[in-house]
Amino acid sequence: MKEVININLSGRILAIEKDAADGLRSYLDSLHRHFNAEEGSDEIMADIEFRIAELLQNELSKGKVAVDIAAVEDVKKKMGLAEELSKDEEANSANQQTAKRRLTKNLSNKMIGGVCSGVASFFAVDITVIRIVWVIMTLSGGLGLLVYIALWVFLPESDEPVFSNKKLFRDMDHAWISGVCSGLAKYTKVNIWVPRFIFGLPVAVSILGSVGLSTISGVPFIGVSFNGGLILIYIILSYVIPKAVTNFDKMDMEGEEKSRREWVAESEGLDF
Amino acid sequence: MNVENTKSQMRKGILEFCILAFLKRGEAYPGDIIEELRGAGLGLLEGTLYPLLTRLKNAGLLSYRWEESSSGPPRKYYSLTKEGEKNYNELNESWERMSEAVNRINTKI
Chain A
0 MKEVININLS GRILAIEKDA ADGLRSYLDS LHRHFNAEEG SDEIMADIEF RIAELLQNEL
60 SKGKVAVDIA AVEDVKKKMG LAEELSKDEE ANSANQQTAK RRLTKNLSNK MIGGVCSGVA
120 SFFAVDITVI RIVWVIMTLS GGLGLLVYIA LWVFLPESDE PVFSNKKLFR DMDHAWISGV
180 CSGLAKYTKV NIWVPRFIFG LPVAVSILGS VGLSTISGVP FIGVSFNGGL ILIYIILSYV
240 IPKAVTNFDK MDMEGEEKSR REWVAESEGL DF
Chain L
0 MNVENTKSQM RKGILEFCIL AFLKRGEAYP GDIIEELRGA GLGLLEGTLY PLLTRLKNAG
60 LLSYRWEESS SGPPRKYYSL TKEGEKNYNE LNESWERMSE AVNRINTKI
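So the protein lines, in turn, are chains A and L.
Just so you know, numbering that gives the first Met the number 0 puts 235 at position 236 of the first sequence, and the rest follows in order with no gaps.
Just so you know, numbering that gives the first Met the number 0 puts 103 at position 104 of the second sequence, and the rest follows in order with no gaps.
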């Protein structure tokens, strides 16, 4: 004996066997996830549900008492599985260079909720830069945290690979402490002494101040608080920025995207 | 490069052109479009048609109206807009040039 239930699909009441209904539900869910990132996804899903309901009703009008598994499988074959549709989409997006970039939560490279990752791929900058900006915004008044939560709630999800051609790393080959200054210098293409000077000067000033060489009472005080902030930032940076470990990391740190791509293409026999 | 990818890319452009060409004859609902394409030997997964129709509609090439149906809830009937017609004419011209070129090159081999 099979349990039969009535469902309302896109305005049609259909009698359907329980296991067939479960199959249909999970199929619709998979399509929903597939079209989620697409513009007009609600409309597409409504059209598809309409069509599925129509196909199933046609099936019933042939004399079946209720929709069974075979009928649902037939619908899936006609409409296409989510995997088959995304294969088609890939060819399509390779074709359409004008595809719009959308701001999403990017789950492919997330630490917390994928917001920084999504913002980074939207602006095509390195994710580490976005993470640093976010940490600074969060520590200075908490605005970053609010913005993060809001974006996490409202942005749709996606899992495209993050776009970035140059990455911020800690350069361990030229490190004094943890390679932050050298990495920053490589990323911003300035002399390594510029970040070292910025981080080092307040430290030097406060040491001089505490030794008592400075007679101006204000200077050591400013020096110490400034110095404390910068040390904190330095510590945060050495946690947030990844180490450049592999040769690929080092190439990305220098921004040698093209040579890396060619190298990968050669070694894997791919065609870019 | 794999041949499946190339085939799929070829079909993509043609599919859009065929939809515009079919709707140039008059308004139709998606079920008609599918049947016409299948009948002509251009089989496709229906799941790829609906996103394409929505995209064409959002791009201003198609519009639709609801029409009562005897067999169920009202259906969407799509038709070409002025913009869509212009688009079709351009595609048609380039298709004719392309197919002629392809045939010429192909038969010389």
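One or more hints might be untrue.
Ranges between beta-carbon positions, derived for each pair [what the hints assert, rightly or not]:
1) 78(L) - 139(A): 53 to 61 Å
2) 28(A) - 3(L): 51 to 59 Å
3) 57(L) - 57(A): 24 to 32 Å
To give a feel for the contact side, a few chain L residues facing chain A, derived at Cβ under 8 Å [unchecked claim]:
4) 29
5) 47
6) 76
Read the hints as simulated data drawn from the structure, not as lab findings.
Don't be surprised by glycine CBs; every beta carbon is placed ideally from N, CA and C.
Hints, verified against the model:
{"no.": "1", "hint": "78(L) - 139(A): 53 to 61 Å", "result": "holds, 56 Å"}
{"no.": "2", "hint": "28(A) - 3(L): 51 to 59 Å", "result": "violated, 27 Å"}
{"no.": "3", "hint": "57(L) - 57(A): 24 to 32 Å", "result": "holds, 29 Å"}
{"no.": "4", "hint": "29", "result": "holds, 7 Å"}
{"no.": "5", "hint": "47", "result": "holds, 5 Å"}
{"no.": "6", "hint": "76", "result": "violated, 13 Å"}
Violated hints, listed in ascending order, are 2 and 6; each of the other numbered hints is respected by the structure.
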